[in-house]
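Asker: Sequence:
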Amino acid sequence: MLNIHTATDFDDARIIKEIWKYNLATGVWTCLPEQRFFPTNNEIILGMTFKSEKLIVVTWNKCQSKGYLYTHYLKNENEVEKMTTKGPLPKRFFSHNFISHGSYLYTIGNDRGLGVFRIDPETGIWEKMSPDNGDDFPGDYADIELAFDGRKIYVIFVKLRGERIHLRINFGIDHVVDPETKETSIVISGGTMDRKIYSDVWQLRLSTLRWTCLNKLGSILPLAICEHDATTSRYGKMYVFGGRIKRTNNRLTEVNSLYSAWLRIPKLADICWEAVNYYYKDLNSKTDEELFELGLPIKFVRSRCQ
Numbered sequence: 025m026l027n028i029h030t031a032t033d034f035d036d037a038r039i040i041k042e043i044w045k046y047n048l049a050t051g052v053w054t055c056l057p058e059q060r061f062f063p064t065n066n067e068i069i070l071g072m073t074f075k076s077e078k079l080i081v082v083t084w085n086k087c088q089s090k091g092y093l094y095t096h097y098l099k100n101e102n103e104v105e106k107m108t109t110k111g112p113l114p115k116r117f118f119s120h121n122f123i124s125h126g127s128y129l130y131t132i133g134n135d136r137g138l139g140v141f142r143i144d145p146e147t148g149i150w151e152k153m154s155p156d157n158g159d160d161f162p163g164d165y166a167d168i169e170l171a172f173d174g175r176k177i178y179v180i181f182v183k184l185r186g187e188r189i190h191l192r193i194n195f196g197i198d199h200v201v202d203p204e205t206k207e208t209s210i211v212i213s214g215g216t217m218d219r220k221i222y223s224d225v226w227q228l229r230l231s232t233l234r235w236t237c238l239n240k241l242g243s244i245l246p247l248a249i250c251e252h253d254a255t256t257s258r259y260g261k262m263y264v265f266g267g268r269i270k271r272t273n274n275r276l277t278e279v280n281s282l283y284s285a286w287l288r289i290p291k292l293a294d295i296c297w298e299a300v301n302y303y304y305k306d307l308n309s310k311t312d313e314e315l316f317e318l319g320l321p322i323k324f325v326r327s328r329c330q
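Per the working numbering, residue 25 is the first one in the sequence shown, and the count goes up by one each step.
I should point out that these hints are in silico values taken from the structure, not numbers from a laboratory. Check before you lean on any hint, since a few could be wrong.
[Claimed, not checked] Pair ranges (Cβ atoms, derived):
{"id": "1", "residue 1": "Gly126", "residue 2": "Glu101", "range": "24 to 32 Å"}
{"id": "2", "residue 1": "Glu317", "residue 2": "Thr147", "range": "39 to 47 Å"}
{"id": "3", "residue 1": "Met153", "residue 2": "Glu105", "range": "21 to 29 Å"}
{"id": "4", "residue 1": "Ser223", "residue 2": "Met153", "range": "33 to 41 Å"}
{"id": "5", "residue 1": "Glu105", "residue 2": "Asn47", "range": "48 to 56 Å"}
[Claimed, not checked] Derived pair list, reagent style SDA-like, types lysine to any residue, alpha-carbon separation capped at 25 Å:
{"id": "6", "residue 1": "Lys90", "residue 2": "Thr108"}
{"id": "7", "residue 1": "Lys291", "residue 2": "Asp202"}
{"id": "8", "residue 1": "Lys106", "residue 2": "Pro57"}
{"id": "9", "residue 1": "Lys310", "residue 2": "Lys86"}
{"id": "10", "residue 1": "Lys45", "residue 2": "Asp218"}
{"id": "11", "residue 1": "Lys115", "residue 2": "Lys99"}
{"id": "12", "residue 1": "Lys99", "residue 2": "Arg258"}
{"id": "13", "residue 1": "Lys86", "residue 2": "Lys45"}
{"id": "14", "residue 1": "Lys323", "residue 2": "Leu233"}
{"id": "15", "residue 1": "Lys78", "residue 2": "Cys237"}
We put the beta carbon where it would ideally sit given N, CA and C, even for glycine.
Starting from the given sequences, assemble the full structure and let the hints guide the process.
Answerer: Put into C-alpha cells, the structure is as follows:
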C-alpha cells in the first residue's frame, strides 16, 4: 500500500511531494528515494493505480491543456518515467480511481458529462469509448468512485454538487474481491452526515446490490472518522489511514494513525504470519535463504519490505 505523492503538513502549511510505502505484513513505513519527476502544482491528478508492479499516475495541466502519465517502477524505486499523453482528455477537477482491465486503464467522467475514457499506459494514448450518457446519470457531481466486477463498471456517486440532501459523504471506500468466490463488493467506512461523524462499516455486494452492516461481525472503526483513505488486502483485511476526527470541542482534527480490521474470518496461515511479525521484529534484516531455513512459506517471505 502507498500513501501517495502529495500531502499537506498542517503544522507547516505546505505541500509535500513524496511517495511513502507501507508494508502490510511488517507494518513498516518507507519513503521512496527522491523521484526524478513529480506532477507540478498546475497539474490535476485524474487518477492513479497499480499495474504490473508499477504505480501509474495520470494528470492534466489546466494551464497548458496537456496531459501527462507518470510511471513509478516499484522494483527499482529510483526509476520513474514521464510522458505526454495524446487524445481526448477526461478533463476534470477531481481525482478518482482507475479500473484496470486488459492492457488499458478505464475511467468515467469529465467536466461536461460522464463519458467513458481509457488510456494505454504503454503509449499514453487516450480514447473516448462512448458518448456522454445524458439523463442516465444525475446532473452536476463533485466526486465519484468506480468498481468493476469483471463485466461492468459501477459508478458510485460520493457527492453531488449543489445538492442539499441527507446523504453520507467523506467516507473511506474500496472495492474488494473475495479470494474464494471472486465476488466483488464495495466497502465504505466512517464518513459524515448532518454534522455527525460515523464509525461503522458497510458492504455492498454488486451481485445483489444489497447492503450489509459489518459492525455485528466485529468490523467497526475504533473511532468516528471522515475524509480518510481505505484499502483492503487481497486476504480480506481493511486498512484505514489518516482522515479527520472530532475532538471534545467539536472541532475537526487531522490524524495520521493507521487502523486495520478483518472483513472476513482470517485463515490460520494469515494469523500465524501476523504473529511471526509481531514476535520477531528482526525478520526484515534476514535474507530470504535464512527465512526459508526457518520454514516460512515463499508467499510470506516475498511479502516483506525489501
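Asker: Could you tell me which of the hints above the structure violates, numbers in ascending order?
Answerer: 5, 9, 10, 11, 13, 14, 15
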